[in-house]
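S.K.: Here is how the chains run, residue by residue.
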Amino acid sequence: MSEQDVQDWIGKQVANNDVVLFMKGTKQMPQCGFSMQVAQILNHLGVDFKDINVLDDMSVREGVKVFSNWPTVPQLYVKGEFVGGCDIVREMFQAGELQEMLNEKGIANNAQTQTA
Amino acid sequence: MAMAADDIARLIKDRFPDAEIQIEDLAGDGDHYAASIVSEAFRGKSRVQQHQMVYDALQGNMGGVLHALALKTAAP
Numbered sequence: 001m002s003e004q005d006v007q008d009w010i011g012k013q014v015a016n017n018d019v020v021l022f023m024k025g026t027k028q029m030p031q032c033g034f035s036m037q038v039a040q041i042l043n044h045l046g047v048d049f050k051d052i053n054v055l056d057d058m059s060v061r062e063g064v065k066v067f068s069n070w071p072t073v074p075q076l077y078v079k080g081e082f083v084g085g086c087d088i089v090r091e092m093f094q095a096g097e098l099q100e101m102l103n104e105k106g107i108a109n110n111a112q113t114q115t116a
Numbered sequence: 001m002a003m004a005a006d007d008i009a010r011l012i013k014d015r016f017p018d019a020e021i022q023i024e025d026l027a028g029d030g031d032h033y034a035a036s037i038v039s040e041a042f043r044g045k046s047r048v049q050q051h052q053m054v055y056d057a058l059q060g061n062m063g064g065v066l067h068a069l070a071l072k073t074a075a076p
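Residue numbers (our numbering), protein chains in the order written: chain H, 1 to 116; chain U, 1 to 76.
Just so you know, nobody snuck in bad clues.
Simulated crosslink set (DSS-like; lysine-lysine; CA at most 25 Å straight-line): (1) U:45 with H:105; (2) U:45 with H:79; (3) U:45 with H:65.
Not close to chain U: a few residues of chain H, all C-beta gaps over 10 Å, as computed: (4) 4; (5) 11; (6) 27; (7) 28; (8) 45; (9) 50; (10) 53; (11) 58; (12) 80; (13) 106; (14) 109.
A partial selection of chain U residues facing chain H, derived with a Cβ cut-off under 8 Å: (15) 47; (16) 52; (17) 55; (18) 70; (19) 71.
None of these hints come from the bench; they were simulated from the model. Glycine residues also receive a C-beta, built at the ideal position from the N, C-alpha and C atoms.
Chain H extracted, bound-state conformation:
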């Protein structure tokens, strides 16, 4: 794939799936502590998400850094919007902001009743 094809492919994944996590490893078997933390938070909240293992494809691993001008993986996208990496997702989760944002965007999660 050319660099532009990779960007298009990433754009399509992010557009066609409500919640996408670019990570090292898979949600069943994360291969990096930071990726694992974000997957755990999403699982804890009962959020259905698509995991994309950047270790499977070097062009995606590099391309996703360009896509959002963000130098590291994991990267979480909700409804096409870049939310952040591990630090931001954890901070938002601890502050209850992640749950709030998911509810606002109509993403099913088990924190729904608390803020409804």
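Starting from the structure of chain H, add chain U where the hints point.
M.R.: Relative to the frame of chain H, chain U by itself:
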């Protein structure tokens, strides 16, 4: 591949002269850091924007020689 805490602090200080910076070497291996940065420059910016500003100040070292830098940013 590693980077000294002083080098990280200097790059950040160059970009944000008013910043209060705390850097912790998490694993003692010069490769896993946590940084807390407070600067007026972050006011009114989203978290993503704040972190992007720091990554920009690190001039491409983040994700390269610098493997892990847990960031916490805030305005004073």
